[in-house]
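Enquirer: These are the residues of each chain, in order.
Protein chains: 2
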Amino acid sequence: MSDMFPDIHDTPASEADIRAALRQAADLAARYLATRGEYPVIPNIAPGDVAAALPDAPPEVPETLEAVLGDYRRLIEPNVTHWNHPGFLAYFAITGSTAGVMGETLSAALKSNAMLWKSGPAPTELEERVCDWLRQMVSLPTGFVGHINDTASIATMLALAAARERAFPSIRQDGMSGRTDLPRMTVYASEQAHSSVDKAMVALGLGLAQLRRIPTDDAFRAKPDALREMIAADRAAGMRPIAVVATLGTTSTTSVDPAADMAVVARESGAWLHVDAAYAGPAAISPALRPLMRGWELADSIVLNPHKWMFTPVDCSVTLVRDVETWKRAFSITPEYLRTDVGAATNLMDYGVQLGRRFRALKLWMVIRAYGVSGLRTHIERHCALARELGEWIDGDDRFERVAPTPFSLVCFRALPQDANATATEIDALNERMLARINTDGAVFLSHTKLNGRFTLRVAIGNQHTNRATIENAWTIIRCAYDEVAGA
Amino acid sequence: MSDMFPDIHDTPASEADIRAALRQAADLAARYLATRGEYPVIPNIAPGDVAAALPDAPPEVPETLEAVLGDYRRLIEPNVTHWNHPGFLAYFAITGSTAGVMGETLSAALKSNAMLWKSGPAPTELEERVCDWLRQMVSLPTGFVGHINDTASIATMLALAAARERAFPSIRQDGMSGRTDLPRMTVYASEQAHSSVDKAMVALGLGLAQLRRIPTDDAFRAKPDALREMIAADRAAGMRPIAVVATLGTTSTTSVDPAADMAVVARESGAWLHVDAAYAGPAAISPALRPLMRGWELADSIVLNPHKWMFTPVDCSVTLVRDVETWKRAFSITPEYLRTDVGAATNLMDYGVQLGRRFRALKLWMVIRAYGVSGLRTHIERHCALARELGEWIDGDDRFERVAPTPFSLVCFRALPQDANATATEIDALNERMLARINTDGAVFLSHTKLNGRFTLRVAIGNQHTNRATIENAWTIIRCAYDEVAGA
Chain A
1 MSDMFPDIHD TPASEADIRA ALRQAADLAA RYLATRGEYP VIPNIAPGDV
51 AAALPDAPPE VPETLEAVLG DYRRLIEPNV THWNHPGFLA YFAITGSTAG
101 VMGETLSAAL KSNAMLWKSG PAPTELEERV CDWLRQMVSL PTGFVGHIND
151 TASIATMLAL AAARERAFPS IRQDGMSGRT DLPRMTVYAS EQAHSSVDKA
201 MVALGLGLAQ LRRIPTDDAF RAKPDALREM IAADRAAGMR PIAVVATLGT
251 TSTTSVDPAA DMAVVARESG AWLHVDAAYA GPAAISPALR PLMRGWELAD
301 SIVLNPHKWM FTPVDCSVTL VRDVETWKRA FSITPEYLRT DVGAATNLMD
351 YGVQLGRRFR ALKLWMVIRA YGVSGLRTHI ERHCALAREL GEWIDGDDRF
401 ERVAPTPFSL VCFRALPQDA NATATEIDAL NERMLARINT DGAVFLSHTK
451 LNGRFTLRVA IGNQHTNRAT IENAWTIIRC AYDEVAGA
Chain B
1 MSDMFPDIHD TPASEADIRA ALRQAADLAA RYLATRGEYP VIPNIAPGDV
51 AAALPDAPPE VPETLEAVLG DYRRLIEPNV THWNHPGFLA YFAITGSTAG
101 VMGETLSAAL KSNAMLWKSG PAPTELEERV CDWLRQMVSL PTGFVGHIND
151 TASIATMLAL AAARERAFPS IRQDGMSGRT DLPRMTVYAS EQAHSSVDKA
201 MVALGLGLAQ LRRIPTDDAF RAKPDALREM IAADRAAGMR PIAVVATLGT
251 TSTTSVDPAA DMAVVARESG AWLHVDAAYA GPAAISPALR PLMRGWELAD
301 SIVLNPHKWM FTPVDCSVTL VRDVETWKRA FSITPEYLRT DVGAATNLMD
351 YGVQLGRRFR ALKLWMVIRA YGVSGLRTHI ERHCALAREL GEWIDGDDRF
401 ERVAPTPFSL VCFRALPQDA NATATEIDAL NERMLARINT DGAVFLSHTK
451 LNGRFTLRVA IGNQHTNRAT IENAWTIIRC AYDEVAGA
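Protein sequence lines, in the order shown, are assigned to chains A and B. Letter 305 of the first sequence, counting from 1, is numbered 305 in my numbering, and no numbers are missing. Letter 56 of the second sequence, counting from 1, is numbered 56 in my numbering, and no numbers are missing.
No wet-lab data here; the hints were simulated from the structure. Nothing false has been slipped in among the hints.
The list cannot tell twin chains apart, which means a pair is met if one copy fits it or any two copies do.
Cross-link-like lysine to any residue pairs, in silico, SDA-like; alpha carbons within 25 angstroms at most:
#	residue 1	residue 2
1	Lys328	Glu191
2	Lys328	Asp198
3	Lys223	Pro291
4	Lys328	Ala51
5	Lys450	Glu191
6	Lys450	Ala219
7	Lys450	Thr340
8	Lys450	Ala345
9	Lys328	Gly48
10	Lys450	Ser332
11	Lys450	Ile427
Here chain A stands alone, though its shape is the one from the complex (with noise of 0.2 angstroms):
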């Protein structure tokens, strides 16, 4: 065989040539996975050091396999930060799999967009069905339809155009601008709530300052009653509140809103009910997790992604939907080129702003099955269990406070200052020193948040090979860093 990458002229290569280079790449990725904790969690590298290793320009004619791999290996795989690391616990912790890796290689290969159900008919029913292995698994009722995005984002985006589209159908065909006939309208998620609120505010052209900010509770979650009175005085104001977003697992401290409460309210106002348990979704496959999401059953959409914690490769975002028709509505446009013969089918192409859709159902087709429903729960709840030990284990040394409840895999808490007379602002520069010097040991990496205005330290708990070896050194490293940094 040459040495180029085969499958590169206008006739076809070998199945042996093609079939060397993949495996090339799969070992490649084996030996990535297999040796994942070796790693400094976060590469050692300024901005520009990557950039400044690659060719200004690119090639003119092909390179060898050789050299291609060869720079991965040197240039590329060395300086990511390494999400697939055990000792990765920051942001929400997550790990690819084997099956997850074998589903995209899969999926690359047969190039499939299924953005009808004629250009896709295995992808397009493998979506919709694994889809609704998922509802299943976390115990939803039938009538939610789910479907596939890239990011919770995107589906937070879409669901708020559909709240809209429900408001003030209208507004697809005459948009809002230079028009008098429409009120204000306002959303309403908690104070908690991720950045991706905020982003389809923007981009929908609802404004950042109609979406409302509920206050939240001393354990971090929505109070129903002040949303209550919020949406009251909205009304009152002439505005229009369509969409309510309930967090079931806040980026911050998962904490869980009420949805339950909250359901009721939104349906008192006429308000779509949107669910973000982008994070902790899949933890109702625990039967013990379960009742928290108690009420997302009255949702009109939920986000959970697979690719945080179901060991699913970046990106896989389900949408479990009940209204679909209002949903579609706000998308669908069929140009003549993709009209089919096919009437009754599913078009993935209705369910939102992309017109092609990635076959990703098949990697999570693959890593459901591989696991099992067993496995991935056994996973979460271990998880879980980590997590509260780590926090008794915080609980019990009176140099550390937890500062927020821990109903899932995430522990949030700050160190205590020797000086028992710090202000709030040396309290927090003793944080942010201790996090620098835990992520200089490459062994774990944490991140941060502010809670109350307060610089907090975050543990994240996620990664499927994080086990208790990894939380007792993460707990080790954090003691040291304190002794360091709080003796400095």
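Based on these hints, arrange chain B on the given structure of chain A.
Expert: Frame of chain A, contents of chain B only:
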């Protein structure tokens, strides 16, 4: 090794087990890529056939590799529409490539999410660099900064959002509805522009009615004089033109709008010029084809899709933006938990709605290096030559007429009835029967459009392995279909 998927437990699987599993996927992918021409291009199934063969409920316990991959081979692979088939001549024909599949495999293994530089240093810097490579390859000037989106649909939506942001920066905060200080905003795109422009008008709350359709000339190109008149009339009526979309390579016919003339009009009116070159943009890699793009260097934003004509697996859409600050201002929102200490670096999440950013640059980098610029140029020029040749065969056969110019690699034509007195409806019906008959064969897959209201057949050439024999065979099938259908 076990017959289960490796890597499903909390203890890491051995490299040998992971490698063996990934090689099974690699081998299946290789066999598919090497024998892609052996399936009928469209599977002969009806809606529901695949679903009926899939279990209703997810498996409680892990399934074996053998079971899952067996189902893949039996149920999924034969029942996709084979976009990678050399006889796929529908929509825009596209191809994956071994290099692209390798990139996706490695990207899935890394599971990188480059929302921030810090969360993906190499992915962020590689994305910037390969986008700049593409800029150089198509001879666009410096000053355009690139990033990757999933689809051109999203890129076009973001471009119109940026246009809105430039025209009325207050919308970000205050929205559009219930305001008396905003005019109607209008956007201009030709009658032949892509449906993603319509979808963007809906999503952004601008309204379909505010999308002005610029009339086209007899080669389906927007008329700049008409654009100027429409803008003047709208201005006189108190509207505010915010954006002009020029399409270089429209979906129905690959017609080329006069971007240079449209740029002058856009600039006069202060409107954002977005160039949709999703399909044809890569053709500018060829010096012979580059003059067709004249004027696109005056655009504010340009979208080109490597997942169309550059042998890159879906999804990979490159957007080049001149005024990056306005573009980012339309969306950038940084919550506390994503604030980093890396001030100067690019954070890709600032470029659009999606927070999560998949590592798509890897496959594009591998494809460009695998083919070299010369290799990509050769394929693109070869496809255009094949289209010209087919066009000549059609022109030389009085049973057919070509109904649009062939500037790139798409041929639009119609069959003519034997009865010279046939009505337009009868001619349309003849061509619909032709299309059905051609696609039944299984060797090729054509799609259709309507031009001037008339049913039109399209032969789209863009698959790497489509060669002269494929086109000769397609031409034979077309003529046989005529004999069967026109004689009936």
